[in-house]
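**Q** Residue numbers (this note's numbering), protein chains in the order written: chain A, 1 to 423; chain B, 1 to 322; chain C, 1 to 246; chain D, 1 to 288.
Hints were generated in silico from the structure; no laboratory data involved.
Backbone N, C-alpha and C define an ideal beta-carbon position, used for all residues, glycine too.
Incorrect hints may have been included.
What the hints assert, rightly or not - In silico contact screen, one side only, chain B against chain D (beta carbon under 7 Å); selected entries:
no. : residue
1   : 7
2   : 8
3   : 12
4   : 54
5   : 146
6   : 149
7   : 150
8   : 154
9   : 289
What the hints assert, rightly or not - Simulated restraints on C-beta separations:
no. : chain 1 : residue 1 : chain 2 : residue 2 : range
10  : D       : 176       : B       : 74        : 54 to 62 Å
11  : A       : 265       : B       : 77        : 49 to 57 Å
12  : C       : 86        : B       : 172       : 31 to 39 Å
13  : C       : 67        : D       : 240       : 55 to 63 Å
14  : A       : 319       : B       : 309       : 28 to 36 Å
15  : D       : 61        : A       : 265       : 49 to 57 Å
16  : B       : 139       : A       : 89        : 43 to 51 Å
17  : A       : 288       : D       : 61        : 34 to 42 Å
18  : A       : 265       : B       : 201       : 27 to 35 Å
19  : B       : 142       : A       : 211       : 51 to 59 Å
Said to hold, decoys possible - Listed next, the in silico SDA-like pairs over lysine to any residue satisfying Cα-Cα at most 25 Å (straight line):
no. : chain 1 : residue 1 : chain 2 : residue 2
20  : A       : 369       : A       : 353
21  : A       : 285       : D       : 8
22  : A       : 155       : B       : 27
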Amino acid sequence: MYARRLVASLAALAVAVTAGAVPIRAADAPEVVIGAVLPLTGTLSQTGAGLRTAMLLAQDLVNGHVSYPLPMVGKSGLPHLGHARIRLVFADSQGKPDQARAAAEQLITQDHAVALIGTYASSTTATASQAAERAGIPFLNPDSSAPNLTARGLKWFFRTTPNDATFAENFYQFLGDLKRTKNITVKRVAVVGEDGLFGTGAGDAEEAGAKKYGYDIATRVSYPATTTEVNAEVQRVKTSSPDVIFQASYVPDALLFVRGYKQQGVNVKAIFAQDAGFVDPNFLKAIGADAEGVFTREVFSMDIKFRNQAVPLVDQLFRQRSDGAKPLDGNTARDFMGVLVLADAIDRAGSTKPDAIRDALTKTNIPGKLTLMPWNRIHFDATGQNDGGVGIIEQLQDGKYETVWPFDVAVRPVVWPMPAWKR
Amino acid sequence: MRPHLIALGAIVVLCAAAAFGLHDTVTLDLLFTLLLYAVLGQSWNWISGYAGNISFGHAIFFACGAYASALCVTHGLSPWLAFPAGALVAALLAVVTGFPTLALRGHYFSIATIAVAALVEVFVRTSPWLGGANGFELPIASGWAALQFSQKGPYVLLALALFAIVQLATMWLERSRLGYYLRALRANHAAAASVGIDERRWKLIAFAWSAVMASAAGVLYAQYTLFVDPPSTIALAISIDIALIGVVGGIGTLWGPAAGALVYVVLAKGVALQIGGTGKGYDLVIYGAIICIIAAWRPHGIVGTIVDALRRRRGTATATPA
Amino acid sequence: MTTLLEVRGLAKRFGSLRALDGVDLDVAEGSLTGLIGPNGAGKSTAFSCIAGADKPSAGSVRFRGREIAGMAYHRVAALGIGRTYQIVQTFAEMTVLEAVTTGALLRHPRLRDAIGSAEEVLEFVGLADKRHRLGRALTIADKKRLEVARALATEPALLLLDEVMAGLTPAECRDAVDLLRRVLARGITVLMVEHVMEVLMPIAEHVVVIAAGKTIFSGSAAEAVRDPRVVEAYLGSPLEHGEIAS
Amino acid sequence: METLTTFEQLLVGGLLAGLVFALVAVGLTLIYGVMDVVNFAHGEFLMLAMYATLGLALVGIGPLVGLPLVAVALFLFGVVVYRVFVRRLLAGPPEATVFGTFGLLVLLQGLAQSLFTGDFRSVPDPPFQATLRFGGVALSQATLVEGIGALVLTAALFAFVEYTEIGRAMRAVAEDRVAATLMGIDVQRVNLLAFGIGSACVGAAGALLMLSFPVFPTAGASFALTAFVVVALGGFGSIQGALVAALLVGLLEVFGGYYLAPELKMVPVYLAYLAVVLLRPQGLLGRR
């Protein structure tokens with residue numbers, strides 16, 4: 001482990017040296033203000049704080065002169081705008097739709113943001129992006145996965161992250177690849193999810209995907225996220241005898257379900273988790289070996305093959321800044337990248353006029369290997385959705401999530417089926 | 001009566017001036033939220049303050065208006081229809097909730113409102129025609145017919161009009177048979193019955209009007225936010241926010257809800273951001289502490305405490321509580 | 001003299017305790033009927049069953065020929081039976097005028113009319129000068145007088161008074177009796193519960209005596225005093241004739 | 001394929017779930033019964049008990065061994081909260097107790113968020129994690145222990161209230177506060193003890209729940225909602241009523257969830273509450 005870190009830091013040093021002398025900034029180059037709407041208070045405040053740290057890191061790297069193989073990093077600001085610095089201004093959505101709208105309007109009218117980024121929760125992204133649309137300001141959404149956000153025909157809305165539909169699609173493509181390469185057949189699928197926006201969005205996409213790829217829905221279970229027992233839900237799944245379970249849960253309910261499946265002997269070939277509860281370190285600590293073999297879709301992974309070698313460096317910088325030295329994760333990595341994509345577009349636009357920035361965004365075409373993500377590229381289709389964005393699938397193997405799909409970036413082979421419940 | 005009218009007049013003039021004069025969206029948004037929450041606080045105050053039955057499900061009446069507006073707009077009808085439609089559904093819901101429980105002891109009604117609110121939330125969440133868990137996103141339009149504006153001014157005017165109507169209605173309440181009967185029921189239950197007051201009937205009337213007010217506020221919220229879903233309109237947290245505004249301001253008083261709304265908005269907007277931004281929950285600690293202090297040492301709330309002080313200084317009672 | 005109130009076989013059981021066990025009672029229109037009996041005879045229970053505060057276990061209560069036994073408390077009041085309480089029940093936080101207005105609102109839905117009617121009642125009972133005083137700040141006598149005023153404001157046909165004299169000084173009793181006479185003069189029928197005999201005797205034309213939950217005597221006040229069963233019920237042992245006639 | 005065992009499994013699951021609800025509700029019943037106060041911060045007391053249990057577990061004291069310690073800690077916490085805060089609420093208007101306890105709810109959640117962050121923390125390798133099987137029916141050992149805990153706690157509290165001198169004083173205060181005072185009962189002291197003992201019950205509940213649940217700032221909220229319905233359904237102040245109501249709610253939730261639909265599983269519970277309130281306002285076993 002020590003050796004790897006040494007190599008990484010040497011590489012960074014080498015890159016810094018070759019960057020050449022630090023370019024001088026035009027004395028009076030005004031700052032380019034980017035408005036960021038995040039849940040800084042309320043129930044999502046802890047996630048919001050992490051996202052803010054990631055965005056600020058990206059801002060400092062764009063304004064700094066240490067270059068990494070990432071778009072717009074280390075060019076001391078925006079070269080085509082006289083090396084003007086980008087400045088992020090934050091406004092609190094409190095995780096509520098009405099506050100998110102107000103926050104977006106405040107950033108546009110008061111802070112004169114040239115573009116907006118945010119907001120994590122899909123409902124707050126809906127209202128904040130509407131405010132941007134009405135004001136004619138580009139809105140970049142790096143982290144909300146509700147499919148309908150890019151189905152509203154908005155002109156100024158761009159989303160870099162894949163959405164629930166893509167993730168569902170990935171699961172079915174994975175199953176298709178397994179069938180072709182390992183002749184594994186799966187027929188009956190159970191769709192389980194909490195009854196909020198997260199669980200319903202994922203569930204609908206999984207159900208639609210099943211019809212499209214010719215799988216039978218064994219059962220669809222939706223449950224109140226704050227439930228303290230899941231007897232009925234587990235029995236429903238058991239009596240529908242599925243081959244595979246899709247599960248969209250937070251930590252407390254994920255624990256209840258996995259223990260319930262084990263207790264009731266619900267033996268399935270695989271459980272496909274929609275991130276959230278299943279990737280939380282506290283869940284892994286509490287569930288121990290019982291979650292061995294669970295698959296999850298992910299948008300970011302530290303150890304996928306051919307990764308951009310900037311990944312560990314960014315992770316290192318993030319740990320130093322983040323509260324409790326938390327590592328970079330799917331959410332923070334996506335928001336980090338969002339800032340870079342926006343900076344890149346503004347720079348290519350060579351101006352802070354909304355139309356110019358919007359036009360530049362439509363022409364964004366960042367190759368996958370220049371991102372932290374396992375994506376093919378970042379390129380927005382007509383609806384503003386990044387069509388190069390694709391999820392990866394990881395599997396929990398001896399307590400750690402390892403990338404297993406797409407096979408060309410996989411780090412570990414797939415373990416199929418999931419190991420039976422240990423007594 | 002006179003001083004209250006003057007006060008209301010002053011507020012109307014002040015806010016109207018701001019609505020036309022100011023163009024700063026942040027202040028106007030603050031003003032809109034303040035007026036809306038003052039209306040919601042007063043609507044809650046009618047049943048929980050004047051009638052004395054504390055409701056913890058008031059968000060469902062607010063949601064009636066919001067969903068009525070969303071349904072109207074997404075079915076090509078005018079959002080103005082949402083006012084009568086929402087009001088009707090809200091009043092019906094109030095009667096259904098209130099009828100079996102309003103004559104019972106306090107806790108039964110409070111917990112019944114929580115139960116009914118939970119049932120309504122499950123019903124909306126599991127009904128596709130009500131948007132299920134995704135809720136509704138209202139398409140962008142503008143103009144008075146569409147009840148949607150790109151500028152904030154008109155929204156503030158509408159909220160101000162609703163606030164004025166609600167305050168005038170409450171002034172009327174304090175000098176009406178309904179008001180006298182509600183005060184009698186709260187003051188002495190046996191004496192009230194002996195003068196022919198049917199507790200269930202009069203409290204249901206108060207509850208229905210309270211629901212109608214909340215529904216009207218819901219319509220404005222939907223037209224302002226253009227997004228309606230269960231967590232932002234029906235959840236228990238919304239009902240609790242509304243209740244706490246009523247309490248902090250001063251339960252059973254004319255100006256309590258307005259004062260409570262002011263404290264809530266200033267706290268939620270101002271203080272919360274400065275110190276809440278670290279994800280440490282300080283905003284909850286401060287708000288919780290304020291409610292505890294008021295409940296334990298100043299249970300009559302801000303306005304209630306002022307009224308008590310005035311009353312003590314002036315010896316005998318003023319005509320009616322402020 | 002038509003009968004305004006007719007009570008037959010009124011019974012009330014609290015578990016196994018038979019508080020009332022067959023009370024019969026008639027109140028003639030325009031009269032003042034006294035309901036008397038030793039402590040614990042069931043006077044107040046009978047009273048609250050008639051007024052609708054308690055539901056009788058059995059028996060009938062007919063008011064103007066209409067059966068009202070078990071009817072909801074507020075509907076009995078709306079039919080025209082006003083009442084006061086043994087332990088006075090005042091609207092503490094309301095002023096005298098507001099309290100009486102609350103009563104007047106039963107017959108005068110518009111507040112302005114109700115206040116006007118309340119002012120008249122206050123003049124009638126002599127509380128007009130204390131109209132802005134808070135209920136809790138009054139003397140016992142004034143609180144009782146306020147309660148009578150509140151009941152009168154509902155313009156009842158029958159007024160039920162539950163020991164309205166208890167706790168009053170002789171002077172206050174005299175004022176109360178004077179008020180009672182003026183109430184009768186306005187044609188309002190009164191049924192009065194008292195256990196102080198001297199107060200009731202001079203003004204009650206008709207007296208009903210109950211003991212141990214049953215009616216043991218019904219007739220004029222003068223006869224009641226001489227009736228052996230009444231005497232025994234009150235004093236428990238037979239005494240020479242005329243001892244208590246004061 | 002639905003087998004008979006599915007029905008049996010749901011029955012056992014429902015009863016055990018009901019016992020867990022009883023475990024949480026029993027402290028609330030006592031406080032309500034004696035002081036006529038619904039402590040809306042009940043969930044947050046439970047959450048604090050769970051954090052205390054976690055704290056002890058991190059220094060090696062397991063949930064069962066730690067239970068009495070947590071119970072005593074919550075007793076003291078309850079006494080302090082009563083003396084400093086609740087006593088004043090009782091002196092105020094009736095709505096003061098409702099909002100005072102709601103303020104406490106918000107305050108305690110905020111403190112938990114700032115002290116412990118929003119993470120979901122569990123006791124490291126807790127005991128009783130095995131699965132027990134009886135004739136085709138499987139149940140978790142931890143839930144069974146929680147169920148037994150609920151029965152023991154309810155019985156203990158019932159015995160305490162019925163047969164001890166303080167218990168009788170509590171029943172007297174619950175029956176008629178004025179009469180109790182006239183008979184020389186120091187109502188303030190009885191209230192203090194009731195609030196303390198009620199909180200101690202919540203402490204025991206919190207310790208047992210950590211066998212199978214993680215703790216986080218809003219962990220108490222979902223338990224509390226059910227506890228209020230259980231206490232109201234059983235008849236405010238009736239300890240046996242709460243147990244019966246809790247079992248009923250457990251069965252309604254589980255069978256409703258299976259035969260209706262999981263997202264509708266709370267519907268029969270709330271409908272049952274509204275029905276009982278309409279037909280029997282004093283609750284299943286409560287007195288008028």
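**Q** Confirm or reject each hint.
**A** Verification of the supplied hints:
no. : hint                        : in the structure
1   : 7                           : violated (25 Å)
2   : 8                           : violated (26 Å)
3   : 12                          : violated (30 Å)
4   : 54                          : holds (6 Å)
5   : 146                         : violated (34 Å)
6   : 149                         : violated (35 Å)
7   : 150                         : violated (36 Å)
8   : 154                         : violated (35 Å)
9   : 289                         : holds (6 Å)
10  : D:176 <-> B:74: 54 to 62 Å  : holds (57 Å)
11  : A:265 <-> B:77: 49 to 57 Å  : holds (53 Å)
12  : C:86 <-> B:172: 31 to 39 Å  : holds (37 Å)
13  : C:67 <-> D:240: 55 to 63 Å  : violated (40 Å)
14  : A:319 <-> B:309: 28 to 36 Å : violated (56 Å)
15  : D:61 <-> A:265: 49 to 57 Å  : violated (34 Å)
16  : B:139 <-> A:89: 43 to 51 Å  : violated (29 Å)
17  : A:288 <-> D:61: 34 to 42 Å  : violated (21 Å)
18  : A:265 <-> B:201: 27 to 35 Å : violated (58 Å)
19  : B:142 <-> A:211: 51 to 59 Å : violated (39 Å)
20  : A:369 <-> A:353             : violated (29 Å)
21  : A:285 <-> D:8               : violated (32 Å)
22  : A:155 <-> B:27              : violated (28 Å)
Going down the numbered hints, you'll see the structure goes against 1, 2, 3, 5, 6, 7, 8, 13, 14, 15, 16, 17, 18, 19, 20, 21 and 22, while the others check out.
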